[in-house]
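Peer 1: Chain by chain, the residues run as shown.
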Amino acid sequence: MNDGNSRQRLEGGARSRRDGRPGTAPALVRRPDGALRLRLDGDWLAGRLPVTVEQVVAELADGPAPRLVCVADTLERWDSGLLSLLARVREQCDRLDVIFDDSGLPAGVRRLLALAGNEAGQGGRPGERATLLERIGRSGIIAWRHLVEMTVFLGEATVACGRFLTGRARCRRSDLLVIMQECGFQALPIVSLISLLVGLILAFVGAVQLSLFGAQIYVASLVGIGIVRVMGAIMTGIIMAGRTGAAFAARIGTMQVNEEIDALVTLGIDPVEFLVLPRIVALAVMMPLLCLYADLMGIVGGMVVGVLMLDLNIMEYLEMTKKAVRLQDFWIGIFHSAVFGVLVALAGCHRGLRCGRSASAVGDATTSAVVTGIVSIIVATAVITVVCNMLGI
Amino acid sequence: MSGTTRPTGSPLIEVTGLTMAYGERVIQRDVTFTVNREDIFIIMGGSGCGKSTLLRHLVGLHRPAAGRVAYDGEDFWELPAGKRQRIMRRFGVLYQGGALWSSMTLAENVALPLEQYTDLVAGEIADLVSFKLTLVGLAGFEGFYPSEISGGMKKRAGLARAMALDPDILFFDEPSAGLDPITSRQLDDLILELRDSLGSTVVAVTHELASIFAIGNNSVFLDGEAGTMLASGDPRRLRDEAEVTVVRRFLTRGESDRPTGGATLQRGDG
Numbered sequence: 001m002n003d004g005n006s007r008q009r010l011e012g013g014a015r016s017r018r019d020g021r022p023g024t025a026p027a028l029v030r031r032p033d034g035a036l037r038l039r040l041d042g043d044w045l046a047g048r049l050p051v052t053v054e055q056v057v058a059e060l061a062d063g064p065a066p067r068l069v070c071v072a073d074t075l076e077r078w079d080s081g082l083l084s085l086l087a088r089v090r091e092q093c094d095r096l097d098v099i100f101d102d103s104g105l106p107a108g109v110r111r112l113l114a115l116a117g118n119e120a121g122q123g124g125r126p127g128e129r130a131t132l133l134e135r136i137g138r139s140g141i142i143a144w145r146h147l148v149e150m151t152v153f154l155g156e157a158t159v160a161c162g163r164f165l166t167g168r169a170r171c172r173r174s175d176l177l178v179i180m181q182e183c184g185f186q187a188l189p190i191v192s193l194i195s196l197l198v199g200l201i202l203a204f205v206g207a208v209q210l211s212l213f214g215a216q217i218y219v220a221s222l223v224g225i226g227i228v229r230v231m232g233a234i235m236t237g238i239i240m241a242g243r244t245g246a247a248f249a250a251r252i253g254t255m256q257v258n259e260e261i262d263a264l265v266t267l268g269i270d271p272v273e274f275l276v277l278p279r280i281v282a283l284a285v286m287m288p289l290l291c292l293y294a295d296l297m298g299i300v301g302g303m304v305v306g307v308l309m310l311d312l313n314i315m316e317y318l319e320m321t322k323k324a325v326r327l328q329d330f331w332i333g334i335f336h337s338a339v340f341g342v343l344v345a346l347a348g349c350h351r352g353l354r355c356g357r358s359a360s361a362v363g364d365a366t367t368s369a370v371v372t373g374i375v376s377i378i379v380a381t382a383v384i385t386v387v388c389n390m391l392g393i
Numbered sequence: 394m395s396g397t398t399r400p401t402g403s404p405l406i407e408v409t410g411l412t413m414a415y416g417e418r419v420i421q422r423d424v425t426f427t428v429n430r431e432d433i434f435i436i437m438g439g440s441g442c443g444k445s446t447l448l449r450h451l452v453g454l455h456r457p458a459a460g461r462v463a464y465d466g467e468d469f470w471e472l473p474a475g476k477r478q479r480i481m482r483r484f485g486v487l488y489q490g491g492a493l494w495s496s497m498t499l500a501e502n503v504a505l506p507l508e509q510y511t512d513l514v515a516g517e518i519a520d521l522v523s524f525k526l527t528l529v530g531l532a533g534f535e536g537f538y539p540s541e542i543s544g545g546m547k548k549r550a551g552l553a554r555a556m557a558l559d560p561d562i563l564f565f566d567e568p569s570a571g572l573d574p575i576t577s578r579q580l581d582d583l584i585l586e587l588r589d590s591l592g593s594t595v596v597a598v599t600h601e602l603a604s605i606f607a608i609g610n611n612s613v614f615l616d617g618e619a620g621t622m623l624a625s626g627d628p629r630r631l632r633d634e635a636e637v638t639v640v641r642r643f644l645t646r647g648e649s650d651r652p653t654g655g656a657t658l659q660r661g662d663g
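Chains A and B supply the protein sequences, listed in that same order. At the far end of the first sequence sits residue 393, using the numbering used here, and the numbering has no gaps. At the far end of the second sequence sits residue 663, using the numbering used here, and the numbering has no gaps.
Heads up, some of the hints might be wrong.
[Unchecked claim] The calculated SDA-like cross-link candidates involving lysine to any residue, where the alpha carbons are at most 25 angstroms apart (straight line), are:
#1 B:476 with B:456
#2 B:476 with A:264
#3 B:476 with A:169
#4 B:476 with A:172
#5 A:323 with A:214
#6 B:476 with A:162
#7 B:476 with A:323
#8 B:476 with A:156
#9 B:476 with B:465
Source of the hints: derived by calculation from the structure; they are not laboratory data. Predicted, not measured: the structure shown is a model, and the values here were computed from it.
Sequences are here, hints too, so could you generate the full structure?
Peer 2: Now the structure itself:
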């Protein structure tokens, strides 16, 4: 480096000190021997770097340069921005077979660059892009695996239920009772509210049409049959899917995250028996009871509309309901709700057990437990309705 | 509760040509080692190299992609499920975060294995539970829920639960992580005591060098970059004699070939 150059550099450094900007002299200069010189002058801070990697690459690509020399005599302040720039420049130099000469850099920069060099090329998956066909294939395989998993889970749950019925299942009775309380008694307020309102709505909708013919009294049979046969069960099912199914998934999913499930398995306790079974039993027992209660509240809701809006007599309304609703309708409703109970519990527990190992996975598990629960309730209703129709009941 | 009375030092766990993978991603391949009876066996290696994964394979939570894991000469995954569960009942596992069942009190946590696998009556179980909790320094905490105690206490309660059935083999996943030096030292002493008095075999994942040399008498070293094991044997011997530099560097905290000066982010001064 000649004297003129260094004087100019010094002046540049002085300027940069005054206005906080790098010197006006270009940071990248091609030396007579063909080497590129990267002059670090003044402040080199993240977000305010005078040179970008692209500029260096463009300069290197412009003409063959055997080496890139860094000069930092007048470097003032620097931070990670400079380091990441130099690391990337060094990477590019390696790629283009250019010697990266860092002997002019401050010792601290050199050491950190050396450290960064050690980390390079470690781990990480190659970011390859899959073709459309490959992605379709992959999702097909994943869907198949899910189906297999689900079938296995259903099988395990069935075996566990068998063991429960023969009294050989490993689960705690106190757990069962606590879950029953949580998903039965504690759900009463919301079930009351929702089924009362559904009864009311049914009665309203029916009243508008039926009063055209002066047949207001048939509101009682409409509400009675509608609620008892199917609506009571569906509404309880959906409430329980949102309330209890989600709780099951979140609870079991969190246990999965905390390795609590692993702790059960390594003790030789089957999580399906210990966690899933009591939940299935609890919901299968409590849902029919809740459903009966919902039937009652729905009829009360219909009666409120009948008495207050349609001027029907309470006794008259009840008498009509009694005439219209057969015992068989109750049984059908109860059957619906027992099926829903099992479905909601299965959906919740399955999603919980399949949960990944992070907080967001628990959220996903909860969401899909509710969705699966509600979808399977509706599908099951359709199937049962068609079967009932075929059997003529 | 050990059902076997084989001599000290005979092979208990034999791992042969084990390949571990999550789906298509292979974590480690060709891992082969033997854990002898009454060993304190250390699984070591850098972060993310698959130590915990190896432990999950050893306790039967994960099926190997290839190779075999055998207990007393019986290939674990060849056995029917019932027999597998019987082998697993001889394990006590201490998970990294304790993995206590959060809906149960500490006493109930420790009592569950006893309720499930012994014919003891409630009073006897309660006595045993108190004893085990005292052993780990948690006397009087029987009625606490896991969410009400600190991380270190959870870990010790987890140990009490792992010891509930006086297991043949105790597995530890990072026993001293998150413990202060004194507690960690006490835990080491407890592990040694368990081995000496109960004749348990201990398998521990750790990278706490002090612990490794204090308790370990056998080990395997996994390397994430090579994707396989690099060495196996007494950790003290590995430190002094290992042929592979990575192992020696690990066991000496890299001090054998440290570059000049500390590398901290420092500001240049012009």
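Peer 1: Against the earlier hints, flag every one the structure doesn't satisfy and list their numbers going up.
Peer 2: 7
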